[in-house]
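Using the sequences plus the hints, can you model the full thing?
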Amino acid sequence: MELSANMKGKRRNTLLRYKSIMEEFDKHYHPGIPITVIHKKYIYPKFFISRDTLYRIFNTQIDEELEELGCDC
Numbered sequence: 134m135e136l137s138a139n140m141k142g143k144r145r146n147t148l149l150r151y152k153s154i155m156e157e158f159d160k161h162y163h164p165g166i167p168i169t170v171i172h173k174k175y176i177y178p179k180f181f182i183s184r185d186t187l188y189r190i191f192n193t194q195i196d197e198e199l200e201e202l203g204c205d206c
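Positions in the sequence shown are counted from 1; adding 133 to them yields the working numbering.
Quick caveat, the hints were computed from the structure, so don't treat them as lab data.
A portion of the hints provided could be inaccurate.
[What the hints assert, rightly or not] Cut-off 20 Å, straight-line C-alpha distance, at most; resulting in silico cross-link-like pairs (EDC-like, lysine to aspartate or glutamate):
(1) Lys-174 - Glu-156
(2) Lys-141 - Asp-205
(3) Lys-173 - Glu-198
(4) Lys-174 - Asp-159
(5) Lys-141 - Asp-185
(6) Lys-173 - Glu-156
(7) Lys-179 - Glu-156
(8) Lys-141 - Glu-197
(9) Lys-143 - Asp-205
(10) Lys-152 - Asp-205
Quick look at the structure:
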């Protein structure tokens, strides 16, 4: 199914937001620090997302989907 231009733009913006969330997560990740602590201290105050959403982002192939949309971001 081909996405409309509006839906492509919405998906692209979502993926770019996911990418910035992952960059923030990577800044604070160290082995031994629980994901819940990183979420509580750094992710939630900046992005206001739930832990479930964070886990959904972990399972999203962000770069591949951006490439499929033709985004050179």
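Here's how the hints hold up against the structure:
With a CA separation close to 15 Å, the supplied pair Lys-174 and Glu-156 stays within the 20 Å bound. Restraint check for Lys-141 and Asp-205: satisfied, since their Cα atoms lie roughly 14 Å apart, inside the 20 Å limit. A C-alpha spacing of about 28 Å is found between Lys-173 and Glu-198, which places the hinted pair above 20 Å, so the restraint is violated. Between Lys-174 and Asp-159 the CA atoms are separated by roughly 13 Å; this keeps the pair inside 20 Å, and the hint holds.
Using a Cα cut-off of 20 Å, the hinted pair Lys-141 and Asp-185 is violated, with the two alpha carbons roughly 24 Å apart. The suggested pairing of Lys-173 with Glu-156 holds, with an alpha-carbon distance near 16 Å, which does not exceed 20 Å. For the suggested pair Lys-179 and Glu-156, the alpha carbons sit about 12 Å apart, so the restraint of at most 20 Å is met. A C-alpha spacing of about 14 Å is found between Lys-141 and Glu-197, which places the hinted pair at or below 20 Å, so the restraint holds.
Distance hint between Lys-143 and Asp-205 is fulfilled; the C-alpha atoms sit about 16 Å from each other, no more than 20 Å. Pair hint Lys-152 plus Asp-205 holds up; C-alpha atoms about 13 Å apart against a cutoff of 20 Å.
Checked against the numbered hints above, the structure breaks hints 3, 5 and satisfies the rest.
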